[in-house]
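**Student:** We have chain A already, so just place chain B on it with the hints.
So the protein lines, in turn, are chains A and B.
Residue numbering for the first sequence is 2 to 571, as defined by this note's numbering.
Residue numbering for the second sequence is 2 to 571, as defined by this note's numbering.
A hint or two may mislead.
Copies of the same chain look alike in the list, so a pair counts if it works inside one copy or between any two.
Taking lysine-lysine pairs in the DSBU-like style, the calculated list, with each CA pair at most 30 Å apart, reads [stated by the list, open to error]:
| # | residue 1 | residue 2 |
| --- | --- | --- |
| 1 | K128 | K511 |
| 2 | K425 | K48 |
| 3 | K367 | K256 |
| 4 | K184 | K48 |
| 5 | K468 | K48 |
| 6 | K277 | K242 |
| 7 | K242 | K406 |
| 8 | K252 | K277 |
For the record, the hints were derived by calculation from the structure and aren't laboratory data.
All values reported here derive from a predicted model rather than from experimental measurement.
Protein chains: 2
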Amino acid sequence: MKQQSLFSPTMRDIPAGADIASHQLMLRAGLIRQNAAGIYSYLPLGKRVLRKVEEIIREEMDEAGGQELLMPAIQPAELWEESGRLDDYGPELMRLKDRHTRDFVLGATHEEVITSLVRDELNSYKKLPVNLYQIQTKYRDERRPRFGVLRSREFIMKDAYSFDASKEGLDQSYQAMYEAYEKIFSRCGLDFRAVEADAGAIGGKGGTHEFMVLSDVGEDTIAYSDSSSYAANIEIAEVPKPNVERRGEEKPLEKIDTPNMRTIEELSAGLGIEAKDILKSVLFFVDDEPVLVLCRGDREVNDVKVGRYFDTVQVESASPEQVLQHTGCRPGSIGPIDLKEGIQIIADHEVAGMMNSLCGGNEEDKHYTNANIERDFRVDGFGDLRFIQEGDPSADGQGTIKFAKGIEVGHVFKLGTKYSEALKAEYLDENGKTQPLIMGCYGIGVSRTVAAILEQHHDENGIVWPKAVAPFDLHLLTLNAKKAEQSELGTELYASLRKAGFDVLYDDRKERAGVKFKDSDLFGLPVRIACGKKADEGIVEVKVRRTGEMEEVHKDELPSYLESLFHTIQ
Amino acid sequence: MKQQSLFSPTMRDIPAGADIASHQLMLRAGLIRQNAAGIYSYLPLGKRVLRKVEEIIREEMDEAGGQELLMPAIQPAELWEESGRLDDYGPELMRLKDRHTRDFVLGATHEEVITSLVRDELNSYKKLPVNLYQIQTKYRDERRPRFGVLRSREFIMKDAYSFDASKEGLDQSYQAMYEAYEKIFSRCGLDFRAVEADAGAIGGKGGTHEFMVLSDVGEDTIAYSDSSSYAANIEIAEVPKPNVERRGEEKPLEKIDTPNMRTIEELSAGLGIEAKDILKSVLFFVDDEPVLVLCRGDREVNDVKVGRYFDTVQVESASPEQVLQHTGCRPGSIGPIDLKEGIQIIADHEVAGMMNSLCGGNEEDKHYTNANIERDFRVDGFGDLRFIQEGDPSADGQGTIKFAKGIEVGHVFKLGTKYSEALKAEYLDENGKTQPLIMGCYGIGVSRTVAAILEQHHDENGIVWPKAVAPFDLHLLTLNAKKAEQSELGTELYASLRKAGFDVLYDDRKERAGVKFKDSDLFGLPVRIACGKKADEGIVEVKVRRTGEMEEVHKDELPSYLESLFHTIQ
Numbered sequence: 002m003k004q005q006s007l008f009s010p011t012m013r014d015i016p017a018g019a020d021i022a023s024h025q026l027m028l029r030a031g032l033i034r035q036n037a038a039g040i041y042s043y044l045p046l047g048k049r050v051l052r053k054v055e056e057i058i059r060e061e062m063d064e065a066g067g068q069e070l071l072m073p074a075i076q077p078a079e080l081w082e083e084s085g086r087l088d089d090y091g092p093e094l095m096r097l098k099d100r101h102t103r104d105f106v107l108g109a110t111h112e113e114v115i116t117s118l119v120r121d122e123l124n125s126y127k128k129l130p131v132n133l134y135q136i137q138t139k140y141r142d143e144r145r146p147r148f149g150v151l152r153s154r155e156f157i158m159k160d161a162y163s164f165d166a167s168k169e170g171l172d173q174s175y176q177a178m179y180e181a182y183e184k185i186f187s188r189c190g191l192d193f194r195a196v197e198a199d200a201g202a203i204g205g206k207g208g209t210h211e212f213m214v215l216s217d218v219g220e221d222t223i224a225y226s227d228s229s230s231y232a233a234n235i236e237i238a239e240v241p242k243p244n245v246e247r248r249g250e251e252k253p254l255e256k257i258d259t260p261n262m263r264t265i266e267e268l269s270a271g272l273g274i275e276a277k278d279i280l281k282s283v284l285f286f287v288d289d290e291p292v293l294v295l296c297r298g299d300r301e302v303n304d305v306k307v308g309r310y311f312d313t314v315q316v317e318s319a320s321p322e323q324v325l326q327h328t329g330c331r332p333g334s335i336g337p338i339d340l341k342e343g344i345q346i347i348a349d350h351e352v353a354g355m356m357n358s359l360c361g362g363n364e365e366d367k368h369y370t371n372a373n374i375e376r377d378f379r380v381d382g383f384g385d386l387r388f389i390q391e392g393d394p395s396a397d398g399q400g401t402i403k404f405a406k407g408i409e410v411g412h413v414f415k416l417g418t419k420y421s422e423a424l425k426a427e428y429l430d431e432n433g434k435t436q437p438l439i440m441g442c443y444g445i446g447v448s449r450t451v452a453a454i455l456e457q458h459h460d461e462n463g464i465v466w467p468k469a470v471a472p473f474d475l476h477l478l479t480l481n482a483k484k485a486e487q488s489e490l491g492t493e494l495y496a497s498l499r500k501a502g503f504d505v506l507y508d509d510r511k512e513r514a515g516v517k518f519k520d521s522d523l524f525g526l527p528v529r530i531a532c533g534k535k536a537d538e539g540i541v542e543v544k545v546r547r548t549g550e551m552e553e554v555h556k557d558e559l560p561s562y563l564e565s566l567f568h569t570i571q
Numbered sequence: 002m003k004q005q006s007l008f009s010p011t012m013r014d015i016p017a018g019a020d021i022a023s024h025q026l027m028l029r030a031g032l033i034r035q036n037a038a039g040i041y042s043y044l045p046l047g048k049r050v051l052r053k054v055e056e057i058i059r060e061e062m063d064e065a066g067g068q069e070l071l072m073p074a075i076q077p078a079e080l081w082e083e084s085g086r087l088d089d090y091g092p093e094l095m096r097l098k099d100r101h102t103r104d105f106v107l108g109a110t111h112e113e114v115i116t117s118l119v120r121d122e123l124n125s126y127k128k129l130p131v132n133l134y135q136i137q138t139k140y141r142d143e144r145r146p147r148f149g150v151l152r153s154r155e156f157i158m159k160d161a162y163s164f165d166a167s168k169e170g171l172d173q174s175y176q177a178m179y180e181a182y183e184k185i186f187s188r189c190g191l192d193f194r195a196v197e198a199d200a201g202a203i204g205g206k207g208g209t210h211e212f213m214v215l216s217d218v219g220e221d222t223i224a225y226s227d228s229s230s231y232a233a234n235i236e237i238a239e240v241p242k243p244n245v246e247r248r249g250e251e252k253p254l255e256k257i258d259t260p261n262m263r264t265i266e267e268l269s270a271g272l273g274i275e276a277k278d279i280l281k282s283v284l285f286f287v288d289d290e291p292v293l294v295l296c297r298g299d300r301e302v303n304d305v306k307v308g309r310y311f312d313t314v315q316v317e318s319a320s321p322e323q324v325l326q327h328t329g330c331r332p333g334s335i336g337p338i339d340l341k342e343g344i345q346i347i348a349d350h351e352v353a354g355m356m357n358s359l360c361g362g363n364e365e366d367k368h369y370t371n372a373n374i375e376r377d378f379r380v381d382g383f384g385d386l387r388f389i390q391e392g393d394p395s396a397d398g399q400g401t402i403k404f405a406k407g408i409e410v411g412h413v414f415k416l417g418t419k420y421s422e423a424l425k426a427e428y429l430d431e432n433g434k435t436q437p438l439i440m441g442c443y444g445i446g447v448s449r450t451v452a453a454i455l456e457q458h459h460d461e462n463g464i465v466w467p468k469a470v471a472p473f474d475l476h477l478l479t480l481n482a483k484k485a486e487q488s489e490l491g492t493e494l495y496a497s498l499r500k501a502g503f504d505v506l507y508d509d510r511k512e513r514a515g516v517k518f519k520d521s522d523l524f525g526l527p528v529r530i531a532c533g534k535k536a537d538e539g540i541v542e543v544k545v546r547r548t549g550e551m552e553e554v555h556k557d558e559l560p561s562y563l564e565s566l567f568h569t570i571q
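Bound-form chain A, shown alone (with noise of 0.2 Å):
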């Protein structure tokens, strides 16, 4: 395509309100403009990456299994009481009604349409398993959308749904999404880590994985392995149990005063105490029971890790009124010592090892010094309890956690039969038994991959496109489009090239060289090639954009040469 008749206007200067690279970048080179708030158009060479972040997904489904459909953004909002979502889901839904007044929402994700579509029409385990997915426009209304395409209002996502007839099946629907999802964005050219996550109730251990672009201006926290492949969100990450030993003499337990020293900074200040030496207590309820959960001092308290402790994500920590009413004294100074009958005490592993420990007296600005395990507290369990930390060792014995930042592009989660069961999509097994079926569902941000990407390849000159998700494959330019020979050599290449399989992009703007390298950069295209002044020769010049690389080539040579030259960048 000729760059003059190309819609998109590019910005020589920083968008005002665009914080992040890919925001920046999307507006900078004409790939995106805002129509609202979080509410974008994709002009023609964001489309052209949107299509090509597409197909690598449709490809990449269709080799695992999926069929392709599409359910319609617009859903009944009956569907969604029988889910019981209509309510939980909240503001971020949208809702309109229509000329009848009957109920619609707007589909932020498509559970309720396609476990309700599966029911009516698939019912024997003949026709199990099955998975379907759909390249669709959701909507979520944030409360505050930013960073451009990366948290919008209106955003494209690929959403499957697999139905399996038993767990096992289910664990194989899931592992073929796994292996996709990683296809896919090894594809797109972004380092990921596909990290364990927080599955809730449903999803039991193992049961979802986010797959996270690394990048600092993401929204999560993930901690990995230095030196393997593991990774978990910090929610749920797994802190291997320690080997602990408890050393030295028992000393005798001591009642103090601690006027306004209430956190473990002001005791440890306070009382020259060191933090890991303080036994931290924390209320709890678990399931509506009260439950005390120790840990060190310098360790935070991991409500996910309680609830799985108990298996149950009815978790909530107490309010100050509460832990009032259960211990007689404010969450400052409670500990697991005289604490009231009735109240369940649970600790982290590393409390095991805490010897002549520091806790609370369950008494205003009153704490223990000396507190030992069994001597005078019982704990009723012990588990992994608290939130890692970097440094830990990793959970899979191999290295130590490191924590980044990651975008969240794709999660594949295994549902179970929350929504079969709601909805009543039950099959007939091989004995003529009704079942609900079993699901999993797997998304992946199309649009936010798109600026994950950008996140990731990117120099302070613009946009530096992986070849798999460039608009085009190469950016052709005449460096002065007067001269007979520049331009007379540019058209012939623009048509062999293509002619050879390039998608190109013919800069022959009466622009000035200068102009036109800058746009050349920003727009980011692998390979530039440029006719200048040695056009008369037939040679052109050659530029990686990425490496920067650049070489001079003979235009009877330049196929050959771009062939092989594909094959080596990425």
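**Tutor:** Just chain B now, with coordinates in the frame of chain A:
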């Protein structure tokens, strides 16, 4: 793909509520399922066809210089206020509020969005012309959604918008789209006509064409020549100026009583006068001025043509009260003689040839006989003012007019400056002068095109896909999947035919041959290949779905046989 895993629930019987062939077949062959009134899911087979049609559209749009982009479905309501359409559009426009109670609409069309986009980004004649298109989901809250995806509330449309600097430029852009549409619908295997339609005040004569697929279920009526490509919507189809000659002798004018005769039929029956000899008089208000329009009693006055005569779209039929007020009688008795002053009288060309006609007496239950032009009444002007009828000569001078029903699948329209003026979308011309952009818009109903294809391509056994849009190329069956030689040959061919580049649907289900044949006819893939009794000899039966033509072919010759077969079939 294996049919066993394909999610395409079929139906044996004609589904309740599906009145037309395409709707029935899309349900029966499992292409679509309804989610709510006028809202559908496209199941895998249906989605495959949609994709094929979309690809054809995309190729031809790109070839014609179009650039694909993607605009949001959610549009700020203010934009529609700027263009004046927020109120005009009525309840068909779906509206919603976001969490901040800001008003939005769901795009029924995108003139406002594209104009605002281009307004902000394109400001020089150097960047013109440009043609931008998208393939996108549209929303229209139809009062009576029906006929499946033919008239639905959420549907897929290709909409394109051209921007030019001159009227001549617009003519060229329009012509390019017109030709692209001819290619698109031809490639989809459709029998269609490009039909002149009413462009209203904006487009002017020749300013709009509808692409109509000929079909009895169509909701529009087309007037077309039986011996040329001429076709026009009956709303505007031109009647060539007839040669009129007044023969015979003018008889004396006489006022007669015509009790209870108000319609042409009643007068004709009551007085024994042929309808063609009765002068029909109809009162209109044109730009709020009364105008009496005359035509032969066997014709109907065409208000669109009345408007064109005066170069306006402000044409309204007079109400009975208005007739009474301006003529002193009811509509059945008005006529051109003794008409109140100040009422202009215009007549269809044929009126010039009428002799001794019967006409209304402008008095209750009175008519004149032997009324003659000039002697008895004046006519201020003649024109083509009546609806065309079957048997009329074609406007291009070739053949006579027939009527047909059509499904509108495409529409090209010269918008001119309606939106660019309303939204102030201007560019600087070569002299640095500000000018409004001159626009055209061009739509294709993508999902509707699929339904139209089905209306023209089916028989009593099911669908007969044109090869270009078939969901698969080949339907490979084993007639008895339990026989090893059949399933081995089937498996071998499934692999080799895919390798040869064919899209294959492979039915190796353990069903009876009769069931498989029935499904195969219903699905309607262009070519069926059956592995049956001669499987041990490596011989299969190849059947062309459209013609029923059958041939036994050895597996070794199959790829080359199929390749040449696909060149010949539609």
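**Student:** Of all the hints numbered above, which does this structure not satisfy? Sort the numbers upward.
**Tutor:** none
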